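J.: What follows is each chain in one-letter form.
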Amino acid sequence: MEEALVRAVLFGTPILLAALGALLSERSGVVNLGVEGMMALSALAAFAVAQEAGPLLGVVAGMGVGGFLGLSLGVFAVFLRTNQFVAGLAVAALGLGASGLLGKRYEGVPLAHPLPEEGLALVALALALLLHHLLLRTRFGLYLRSVGENPRAADLFGVNVDGVRYGALGLGGGLIGLAGAYLSLAYRPSWTDGMTSGLGWVAIALVILAAWQPLRAVFGAYLFGLLFFLQFRLQGSVPIPSEAFAAMPYLLVILVLALSGRARAPKALGVPFERGR
Amino acid sequence: MRWELDPSPSPGKVALAYVFFLLLALVALGVLFWAYGVSPFRAYALMFSPLGDALGLAEVARRTIPLLLIGSGLVLAFRVGFFNIGAEGQLLMGAVGATYGALFLPPGPWTLALMFLLGGGLGALWAGLAAWLRVRFGASEILTTLMQNYLAYYLVVYLVAGPWKGQLVFGFLYTDRFPQEAQLPRLGDTLVHWPTLLLGVLAAAALHLLLFRTPLGLEWRVLGENPQAARYLGLRAGRLLLLAALLSGTLAGFTGVGEVAGIHLRLLEPAQISLGYGFTAILAAWLARGKPLLVLLTAPLLGLILAGGDALKLSLSMPFRVVDVVAGLLLLALVGAEAASRHRLVWRR
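Protein sequences, first through last, are from chains A and B.
Residues 1 to 277 in our numbering are what the first sequence lists, from first letter to last.
Residues 1 to 349 in our numbering are what the second sequence lists, from first letter to last.
Derived by calculation from the structure, the hints in this document are not laboratory data.
The model shown is predicted, which means the values in this text are computed figures rather than measured ones.
Heads up, the beta-carbon is just placed ideally off N, CA and C, and yes, glycines get one too.
Mixed in with the good hints there might be a few duds.
Stretch by stretch, here's where chain A covers chain B in the computed footprint (C-beta under 8 Å, at least three residues) [what the hints assert, rightly or not]:
| # | stretch |
| --- | --- |
| 1 | 110–122 |
| 2 | 139–152 |
| 3 | 307–321 |
Reference excerpt, derived from the structure (chain B facing chain A, CB under 10 Å, subset only) [said to hold, decoys possible]:
| # | residue |
| --- | --- |
| 4 | 158 |
| 5 | 162 |
| 6 | 206 |
| 7 | 231 |
| 8 | 344 |
Isolated chain A, as found in the complex (with noise of 0.2 Å):
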């Protein structure tokens, strides 16, 4: 039993640094829909930089490369003005593209210092509930809802918008590098193609599930990490095929979006600013 919770929260803190992220980026408005190819070129990038330098500036290289994705999209989402689920899911298949074409020389190499996942797992929680205070008890926070929810008036009012939503994409950007790193420095520590399997996707789901909060994405995430260690424990005890466990996590998102759809998302998430218009 308390083996479960143990590993239930370890499965689920890269989904949780992962929707973070994402939910910082989408309380501003911007939807951002990258996040599965943020991972997996962060995740790359951090076992590289591990492998040379050590873990500690490999998870520094692995939020790096997550906070420049998250400010790429930005460019395109927020100076350009694009469509920004064209613009993410562009950027999902770049990273994974990249990062299989990239990471092939890593393929199979173990990691030589891999980083303890309870001391992750805690940096994790930690940032969730610092998350919750910036976005609710901060000036900060209040500028960063007010251009999620109504532009317009943000802009009215002196706040810079395009500055708070290149922000957020940067420093949640930054989140999903983390939750890259974790991946590949602490929780498999070694690299391979497509190891970030539909985490990103879930994260994204998740954001809605939790209405955008930060606490409730906490519950969350433990919930989907109970349920990914399930499925690890029912693998081949049950006469279920192993594929079947494999699809778990997408099933699982349609329901989750089935089941919260509706949820209230900030007003202005994914429409474009002008100004004065």
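Once you've looked at the hints, dock chain B against the given chain A.
T.: Chain B only, in chain A's frame:
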């Protein structure tokens, strides 16, 4: 420096924006090739090598077929506001339906027709499910269709590794070969299954007429452009959306039938059935800018990119992910160019 809306950009500016962004994508791709350890210029030359000979052109044609069928359906779906990202899964479901018709029903002159019926039906079901979830529960079809891709993927893996695994194949994950009645004819020695190609051309033309020359098409366009106006006019949005989803799912299902009945002649691992067609077709549809007939141009263009990616894989033994990279960069370039041509840069605050 600010970015302002430009309601009526000149054609020259639009062209310039596209050229600029496509060049940017090409440079980014070159950087990735370089980081992988390949000379970018050698890689570009290989990408366009299929244009050089008849065999290469046949490869482009075979890649064009799925893009044409799926792409024209997606143009309709996007135009109506149903963001179907799940053509990949609908294609795989089509392949499953076709395989059932080919291997598990009594063969006869009706076999191929039956396969298209089953494959198209399963594809429609897969897309229809997402449309229903959106209409009934408000679930975003961008995510549900994407998730359904993975579900279809694992269904095919399960089938070829489990109950449908061939009696005559050892150690390989595929079904038995389809009987003669279940095979589509091809052009000469190539892999160009021409009946499916013809079907694709007809589909693009038919959808174009449907969209621009019928009352139903008008309702679809109103719904896609202005859902609020559609509501005031009393249009039944749910039904219109579902119908468009079903049509695009059917065409993706047909694509799956064509791939297994025209090329592989068996059901095999999903990554080999669809070589990223679902995703690349999104580009073909996006490029066609809401006009199904234009897919007749965009599908061969992207077919060339897929065939070029194949040449890269074979000559430089690159991982198959290279196609994802090209697709992602191209998609970014296209949305970027579109947005840039709708705006103008103003040098004041």
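J.: Holds or violated: the hint that residue 162 of chain B contacts chain A, with Cβ atoms closer than 10 Å.
T.: Cβ of residue 162 of chain B sits 6 Å from chain A, so the hint holds.
J.: Would the hint on residue 206 of chain B be counted as holding, given a Cβ-Cβ threshold of 10 Å to chain A?
T.: violated, 26 Å
J.: Under 10 Å is the threshold here; is the Cβ of residue 344 of chain B close enough to any Cβ of chain A for the hint to stand?
T.: For residue 344 of chain B, the interface hint is violated, since the closest Cβ of chain A sits about 12 Å away, which is over 10 Å.
J.: Hint check: is the beta carbon of residue 231 of chain B less than 10 Å from a beta carbon of chain A?
T.: For residue 231 of chain B, the interface hint is violated, since the closest Cβ of chain A sits about 17 Å away, which is over 10 Å.
J.: Quick check: do three or more residues in the stretch 307–321 of chain B have a beta carbon closer than 8 Å to a beta carbon of chain A?
T.: Since three or more residues must qualify, the claim that chain A covers the stretch 307–321 of chain B holds, with 4 doing so at under 8 Å.
J.: Is the hint on residue 158 of chain B kept, meaning its closest Cβ partner in chain A is under 10 Å away?
T.: holds, 4 Å
J.: Is the listed coverage of the stretch 110–122 of chain B by chain A valid when you require three or more residues with a beta carbon under 8 Å from a beta carbon of that chain?
T.: Answer violated; 0 residues pass the 8 Å Cβ test.
J.: According to a criterion of three or more residues whose C-beta lies within less than 8 Å of a C-beta of chain A, is the stretch 139–152 of chain B covered?
T.: That given contact holds, which follows from 10 residues of the stretch 139–152 of chain B lying within Cβ reach (below 8 Å) of chain A.
In summary, the structure is inconsistent with hints 1, 6, 7 and 8 from the numbered list given earlier, while agreeing with the others.
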